[in-house]
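If you read the sequence shown in numbering that gives the first Met the number 0, its first letter stands for residue 0, the second for the next number, and so on.
If you're looking for bench data, these hints aren't it; they were derived computationally from the structure. Please note: incorrect hints may appear among the correct ones.
[As the list claims (entries may be wrong)] Derived DMTMM-like pairs (lysine to aspartate or glutamate); straight-line CA-CA distance at most 20 Å: (1) K68 <-> E40; (2) K68 <-> E42; (3) K68 <-> D32; (4) K68 <-> D41; (5) K68 <-> E81.
Being a predicted model, the structure only gives us computed values, none of them experimental.
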Amino acid sequence: MPRRPFTPKVVTANRLLEGDVVYLSAADEWVTDHHLAELIEDEAIAQLRLLDAERQPDIVVGAYLADAKAGPDGPEPVHFRETFRSRGPSNYAHGKQAETL
């Protein structure tokens, strides 16, 4: 079976203490805004960035590479799951969605 071509990714995880969804920025900071994440277009670099994230178990858990695409304001999620995660908890009393009240 032929290998699928690499598509752009962002590194995402959950912050250990708060449980917030976070993204690794190009400045090696964990940010809560998907648009501030580093959009990685090279597979080898993506794997290295994921390893960097996995070496931070005192800060984040469950790090993985998520498909993304370039948007006018920065990376945008490609799949529904990542769009849902980027919006914060589904409970309006917490996290990013609390700000919309």
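Right, here's what the structure says about each hint:
Proposed proximity of K68 and E40 is supported: the alpha carbons are some 9 Å apart, at most 20 Å. Distance hint between K68 and E42 is fulfilled; the C-alpha atoms sit about 14 Å from each other, no more than 20 Å. A hinted pair counts as satisfied when its Cα atoms are at most 20 Å apart, and K68 with D32 qualifies at roughly 15 Å. Proposed proximity of K68 and D41 is supported: the alpha carbons are some 13 Å apart, at most 20 Å.
The suggested pairing of K68 with E81 holds, with an alpha-carbon distance near 12 Å, which does not exceed 20 Å.
This entry satisfies every hint, going by the numbered hints stated previously.
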